[in-house]
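Chain residues, written in single-letter form:
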Amino acid sequence: MSILVYTELSKGKVKKSSLEAVNYASRLAAQLNTTATAVIAGDADVADLGKAGAKKVLRLKNEKLKSLDSLYLTAAIEQAAAAEGADVIVFVYDFTGKAIASRLAARLKAGMVAGVVDNPVISGGSFTVKKNVFSGKATAVYSLNSTKKIISLLASSFPIELTANTAEVVDFSVNLDTINSPVKVKEVKQDTSELSLTDADIVVSAGRGLKGPENWGMIEDLAKTLGAATACSRPVADMHWRPHHEHVGQTGTAIRPNLYFAIGISGAIQHLAGVNGSKTIVAINSDKEAPFFKSADYGIVGDAFEVVPKLIQALKTFKAQQ
Amino acid sequence: MKILVCISNVPDTTTKIAFTNNDTTFNTAGVQFVINPYDEWYALVRALELKETLGGSVTILHIGGADSEPTIRKGLAIGADDAIRIESNPSDAFAVAEQVAAYAKDKGFDLIMVGKETINYNGGMVGGMLAELLNLPFVSMATKLDVNGTIATVEHDVDGGTEVVECPLPLVLSANKGMAEARIPNMRGIMAARTKPLTVVPAAVSNTLTNVVSYKLAPGRTDCKFIDASTPEKLVELLHSEAKAL
Ligand SMILES: Cc1cc2nc3c(=O)[nH]c(=O)nc-3n(C[C@H](O)[C@H](O)[C@H](O)COP(=O)(O)OP(=O)(O)OC[C@H]3O[C@@H](n4cnc5c(N)ncnc54)[C@H](O)[C@@H]3O)c2cc1C
Ligand SMILES: Nc1ncnc2c1ncn2[C@@H]1O[C@H](COP(=O)(O)O)[C@@H](O)[C@H]1O
Numbered sequence: 230m231s232i233l234v235y236t237e238l239s240k241g242k243v244k245k246s247s248l249e250a251v252n253y254a255s256r257l258a259a260q261l262n263t264t265a266t267a268v269i270a271g272d273a274d275v276a277d278l279g280k281a282g283a284k285k286v287l288r289l290k291n292e293k294l295k296s297l298d299s300l301y302l303t304a305a306i307e308q309a310a311a312a313e314g315a316d317v318i319v320f321v322y323d324f325t326g327k328a329i330a331s332r333l334a335a336r337l338k339a340g341m342v343a344g345v346v347d348n349p350v351i352s353g354g355s356f357t358v359k360k361n362v363f364s365g366k367a368t369a370v371y372s373l374n375s376t377k378k379i380i381s382l383l384a385s386s387f388p389i390e391l392t393a394n395t396a397e398v399v400d401f402s403v404n405l406d407t408i409n410s411p412v413k414v415k416e417v418k419q420d421t422s423e424l425s426l427t428d429a430d431i432v433v434s435a436g437r438g439l440k441g442p443e444n445w446g447m448i449e450d451l452a453k454t455l456g457a458a459t460a461c462s463r464p465v466a467d468m469h470w471r472p473h474h475e476h477v478g479q480t481g482t483a484i485r486p487n488l489y490f491a492i493g494i495s496g497a498i499q500h501l502a503g504v505n506g507s508k509t510i511v512a513i514n515s516d517k518e519a520p521f522f523k524s525a526d527y528g529i530v531g532d533a534f535e536v537v538p539k540l541i542q543a544l545k546t547f548k549a550q551q
Numbered sequence: 125m126k127i128l129v130c131i132s133n134v135p136d137t138t139t140k141i142a143f144t145n146n147d148t149t150f151n152t153a154g155v156q157f158v159i160n161p162y163d164e165w166y167a168l169v170r171a172l173e174l175k176e177t178l179g180g181s182v183t184i185l186h187i188g189g190a191d192s193e194p195t196i197r198k199g200l201a202i203g204a205d206d207a208i209r210i211e212s213n214p215s216d217a218f219a220v221a222e223q224v225a226a227y228a229k230d231k232g233f234d235l236i237m238v239g240k241e242t243i244n245y246n247g248g249m250v251g252g253m254l255a256e257l258l259n260l261p262f263v264s265m266a267t268k269l270d271v272n273g274t275i276a277t278v279e280h281d282v283d284g285g286t287e288v289v290e291c292p293l294p295l296v297l298s299a300n301k302g303m304a305e306a307r308i309p310n311m312r313g314i315m316a317a318r319t320k321p322l323t324v325v326p327a328a329v330s331n332t333l334t335n336v337v338s339y340k341l342a343p344g345r346t347d348c349k350f351i352d353a354s355t356p357e358k359l360v361e362l363l364h365s366e367a368k369a370l
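Residue numbers (my numbering), protein chains in the order written: chain A, 230 to 551; chain B, 125 to 370.
A hint or two may mislead.
[Said to hold, decoys possible] To give an idea of the chain B side of the interface with chain A (calculated C-beta under 10 Å), a few residues:
#1 Tyr227
#2 Asp230
#3 Asn300
#4 Val329
#5 Leu359
#6 His364
#7 Leu370
Worth flagging that the hints you see were computed from the coordinates, not collected in a lab.
Computed from a predicted model, the values in this text were never measured in an experiment.
Glycine residues also receive a C-beta, built at the ideal position from the N, C-alpha and C atoms.
With the rest of the complex left out, here is chain A:
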């Protein structure tokens, strides 16, 4: 019995969130006196999976897996779990995780908790995990009561630790002969931004206080200076000032970067719901009564059009001294 963890590549490298998941699985494996096995589709270098704590890596092999179709992938992971005798399977709660983990849970009759933010607590016969509920206003401890368990992790909830460990990498051939997915991919639109919002360490976000799309130049400059991704509030996306995928909050993407800048955003509860997991929050707003200041660690009361260019300068000076 090992702990299985589903991992993915992005641009030829193991995803950061996958390394978090492998770390998590290896800590869990240690608690249960077993080892963690990572599964991955694709051919890139996977040494990082070993460094993150996987004892073994199964490279899923089947032509049909080129498309990451959820029916094929679910079957592939099911077969890998059976081969490894894994009762616990760890996923990342990202788009792929959302498409396959719950399907697999129903197939295996496995209790599943999605969006987990803490290591499991195992004592006696009980197995509990913690997750955020009520859009970040509270946390809940869930007990998983079935033998088979699926844990889907909220990305950026755990620090990544790499060691000199190496994993044994073996090909795992998957049998998908009897499965023919009716879902045909017609078009893939790649996100053109360099940095994905959920993976970014620093996020620079701006709202209606910026007055119009033509004013986003300084926001992009600030993001560039910081090596950050850009985000926005909902009305900004609704008015098409910025693309929809930048919308963060309750009805947009939930993010938890290390550092979040909210510029000209009032701090409505629905916006906070998607960002209040950020480690450090900076709010810049011309209104000293803006609700965001109640949820921020650092605040500047001032006009964004004056503050942001000065902040960029200050950051450049700082970087030059480093």
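Following the hints, complete the assembly by docking chain B with the ligands onto the known chain A.
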């Protein structure tokens, strides 16, 4: 086209959250419940738009007690033809999926829609589980949906971008922002909703694989430190030395 939309009943987003019974139960006293925004704004409204152009019917389904009937009536007021309430207090996502599957399996729905997630438990699990139980394809996080004959064309979010897929009906789909614009029920809709059929169905046997042991309110942030607008270099310094974020 026969469409089923699963609607969940959730506390309004501005609700102050509190727990009782030693932090084991969500305190519903004084809480205003609404239809989960993803179920209402995106799934239900897009289902109604499809019905308006292609014909057919839109049924809403809720699993819960009689106290959620006001939310179900709102769904009817927005335009659903009829509603089903399964008399059960669902204990987890798997139990919800089993209830929906037991009801829907022999009803011949062409399309079953759920929201991307509920805003109270934020699970996002019912759709995939339901698809598996009904042995149907599942397209998650749909942002656009069109139907042409028996083929659905769906744009949906995937890691690193979006994907356009085609899939023959029947299909289970989870709705994300972008599918439609919210609709406000008008007076005629509200009047009509009073007489539209709302059928109560007894619960099927279901399994509970997980349960909540306890809740805890998220800690608030400590006081915000203000930096003068004329000295942003102080902010940079604090982010570096104090927050260790730079
Ligand atoms: C069910 C529901 C779900 C929602 N989901 C989301 C969501 O996911 N994400 C989201 O963001 N919103 C969401 N909303 C909307 C949310 O309630 C707010 O309306 C929205 O977040 C406000 O956006 P904003 O802060 O950009 O704009 P505003 O509220 O208009 O705030 C603009 C701010 O900019 C400041 N400002 C103005 N000029 C300047 C200047 N020159 N320099 C600096 N500051 C300036 C103002 O003081 C103000 O605080 C949702 C609402 C509902 C009902
Ligand atoms: N009690 C319920 N009754 C009907 N549908 C539900 C219920 N709970 C969840 N759903 C549906 O499942 C979706 C995802 O829920 P969840 O997996 O709990 O986040 C929701 O958006 C609803 O469409």
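Exercise. Does His364(B) pass the interface hint, meaning its C-beta sits closer than 10 Å to a C-beta of chain A?
Worked result: holds, 7 Å
Exercise. Can we keep the Leu359(B) interface hint, with Cβ of chain A closer than 10 Å?
Worked result: holds, 6 Å
For this session: Using Cβ atoms only, decide whether Asn300(B) comes closer than 10 Å to chain A, and label the hint accordingly.
Result: Because about 9 Å separates Asn300(B) from the closest Cβ in chain A, which is inside the 10 Å limit, the hint holds.
For this session: Tell me if Val329(B) is really an interface residue toward chain A, meaning its C-beta lies closer than 10 Å to one of theirs.
Result: Hint violated; Val329(B) Cβ to chain A Cβ min 14 Å, cut 10 Å.
Exercise. Does Leu370(B) pass the interface check with chain A, least Cβ-Cβ distance below 10 Å?
Worked result: Cβ of Leu370(B) sits 7 Å from chain A, so the hint holds.
Exercise. Is the interface hint for Tyr227(B) satisfied, with its Cβ closer than 10 Å to some Cβ of chain A?
Worked result: At about 16 Å, which exceeds the 10 Å cut-off, the nearest Cβ of chain A leaves the hint on Tyr227(B) violated.
Exercise. Given Asp230(B) was flagged as interface, is its beta-carbon under 10 Å from a beta-carbon of chain A?
Worked result: violated, 19 Å
Hints 1, 2 and 4 from the list above are not met by this structure, while the remaining hints are.
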